[in-house]
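K.L.:
What follows is the residue order along each chain.
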Amino acid sequence: MLFRRIFQFLIVYIIGIAFLLMIKMALSLSNYVIPGVPLIVETAGQVFKDYFFDVMSTMSVTVLGQCISIVMAFTVGIAGRKSSWMGSFIKVTAYNIQAYPIVALAPIIFILLGDGFIPRLLIASMICYFPLLLSVLGIMATPVKDIEHFYIATGRMRWQLEVKIRAFENLNKLVTVISGSATLAMAGTIVAEFIAANAGIGYSIRVALYQSDLAKILVALFMIGIIISIYQGILETMGEQIKIRWSVSKQGEAL
Amino acid sequence: MHLECNNLNFTYPDSDITVINNLSFSMDTPGFNALFGPSGVGKTSLAKIIANSNSRSGDEIMTEHIDRILYSYNLERLPGWSSTGNHLNKVTPPEKLSLKEQLIRVFELQDVLDSRFSQLSMGQQNRINLIRYLLQDFDLLILDESLANVDEKLRETIILAIKDLFAGKMFLYISHNLIEVSKLCSQILVFGKSSENKDCSMIKGQDYKKGYQLNKQSLDITMLEIMNAF
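Chains D and E, in that order, are what the protein sequence lines are. Positions 22 to 276 (the working numbering) are the ones given, in order, by the first sequence. Positions 2 to 231 (the working numbering) are the ones given, in order, by the second sequence.
Heads up, some of the hints might be wrong.
Derived CB-CB ranges, DEER-like [what the hints assert, rightly or not]:
| no. | chain 1 | residue 1 | chain 2 | residue 2 | range |
| --- | --- | --- | --- | --- | --- |
| 1 | D | Met178 | E | Gly169 | 19 to 29 Å |
| 2 | D | Asn193 | E | Leu215 | 44 to 54 Å |
| 3 | D | Ala100 | E | Ala168 | 45 to 55 Å |
| 4 | E | Ser46 | D | Arg179 | 22 to 32 Å |
| 5 | D | Tyr231 | E | Ser119 | 50 to 60 Å |
| 6 | D | Asn193 | E | Ser122 | 19 to 29 Å |
| 7 | D | Leu182 | E | Ser122 | 24 to 34 Å |
| 8 | D | Ile173 | E | Asp17 | 24 to 34 Å |
DSSO-like cross-link-like pairs, simulated, lysine-lysine; straight-line CA separation at most 30 Å [unchecked claim]:
| no. | chain 1 | residue 1 | chain 2 | residue 2 |
| --- | --- | --- | --- | --- |
| 9 | E | Lys49 | D | Lys166 |
| 10 | E | Lys91 | D | Lys264 |
| 11 | D | Lys194 | E | Lys91 |
| 12 | D | Lys45 | D | Lys70 |
| 13 | D | Lys166 | E | Lys97 |
What the hints contain is simulated information worked out from the structure, not anything from laboratory work. Using N, Cα and C, we set each Cβ at its ideal position, and we do this for glycine too.
All chains should be modelled from the sequences, with the hints used to inform the complete structure.
P.N.:
Below, the structure is given as structure tokens:
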């Protein structure tokens with residue numbers, strides 16, 4: 022799972038670089054506009070260490086932001102799963118808010134809170150929260166009738182059991198949604214850093230942009246891609262482990 | 002114990018097709034009674050209406066001494082996160098532990114209690130599902146093809162054991178097996194084909210129990226009556 026993710030990213034990245042080099046050759050562009058492979062490698066050697074720590078800084082905000090989003094999405098999703106007034110209100114509100122591009126609110130957050138850790142975290146959480154919430158709401162609001170019928174008919178159904186049944190039956194979807202939301206959280210963090218923060222790989226990309234240094238930007242993109250692929254791979258592996266532990270019998274036979 | 006249905010009509014929501022039209026019948030005896038008829042005539046719809054009769058207003062479904070109605074059906078599932086044995090233990094009231102052991106023996110499920118539900122055959126799944134219903138408090142239990150995919154011999158053994166162990170309870174058994182219904186059930190509500198405008202009719206079954214002598218001629222007559230009724 023992990024290596025497949027990294028491999029997929031490398032293919033896309035190499036195709037992207039090849040495309041740029043083709044444009045460079047076709048239009049006879051200088052290294053200043055589109056750097057050649059030797060310059061990219063040389064730049065990578067120069068900025069690798071700094072960018073690694075920048076990406077890790079971004080990653081820490083991403084992970085924390087995603088964790089907050091997951092907790093919030095599950096809390097609100099579980100509360101909003103019922104077809105009661107409150108449940109309908111939560112669903113309608115979530116659908117309407119997610120239709121608005123949250124990233125457009127980033128400048129307001131920076132004006133109110135300034136640069137720093139909290140605005141980055143807030144924007145990362147907000148960007149990955151609403152898609153997560155919609156998925157969790159969809160899963161939690163859909164009854165698994167052929168399992169739930171017995172517990173409802175015999176008066177044994179509790180909200181914890183209902184949530185457990187629906188989560189178990191939709192474990193694949195949940196794992197996919199959570200690992201997919203990592204990209205959103207990362208994108209949110211980078212956008213926040215790009216706009217106004219003073220740390221992280223988004224901030225470094227902004228500096229490279231002001232220097233018109235495409236080589237640095239390409240190195241930054243490479244590092245972002247590798248790190249997010251590893252993170253998503255780890256999330257998917259964790260999801261697989263949870264599925265195996267939850268659904269394999271004592272004898273170790275898979276379902 | 003009395004179950005009565007008066008002039009019941011049922012149309013599927015958002016549809017003009019009347020599934021049940023002016024249906025009236027009554028069942029007075031505990032034991033195994035049946036709903037019989039071809040697919041699509043409203044057996045399951047009637048079963049669900051009876052199961053939810055406590056929450057319905059009106060006098061279309063009347064019951065006496067039937068406080069708790071349970072509805073079980075084929076294709077129900079147990080959660081997959083632990084073994085079927087664990088699930089059974091969790092839903093078994095303490096006073097019914099010995100009954101549980103007895104049912105597991107009769108239903109021949111001793112060897113699958115450590116397995117997950119999805120690892121069982123369809124017949125085993127239906128049997129384990131039925132056991133958990135039998136372990137609950139009920140006055141009327143509706144079995145909507147709850148013994149589907151169970152071989153005939155074991156199915157008869159199970160039904161005879163249920164009749165023996167739950168003599169004071171009422172069961173409504175939905176099945177497409179003519180011989181089984183004719184032989185084992187007491188009152189059989191036969192649904193006529195709506196395309197031929199046939200009404201429902203109540204036919205007396207042989208109500209065979211352990212140790213009884215089955216009159217094969219009477220069984221043939223019952224089967225003929227049922228066949229003529231739909």
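K.L.:
Against each hint, give a clear statement of whether it holds in the structure.
P.N.:
Against the structure, the hints:
no., hint, verdict
1, Met178/D to Gly169/E: 19 to 29 Å, "holds, 27 Å"
2, Asn193/D to Leu215/E: 44 to 54 Å, "holds, 52 Å"
3, Ala100/D to Ala168/E: 45 to 55 Å, "holds, 47 Å"
4, Ser46/E to Arg179/D: 22 to 32 Å, "holds, 29 Å"
5, Tyr231/D to Ser119/E: 50 to 60 Å, "holds, 58 Å"
6, Asn193/D to Ser122/E: 19 to 29 Å, "holds, 24 Å"
7, Leu182/D to Ser122/E: 24 to 34 Å, "holds, 26 Å"
8, Ile173/D to Asp17/E: 24 to 34 Å, "holds, 30 Å"
9, Lys49/E to Lys166/D, "holds, 14 Å"
10, Lys91/E to Lys264/D, "holds, 22 Å"
11, Lys194/D to Lys91/E, "holds, 28 Å"
12, Lys45/D to Lys70/D, "holds, 28 Å"
13, Lys166/D to Lys97/E, "holds, 26 Å"
Hint compliance for this structure: no hint is broken.
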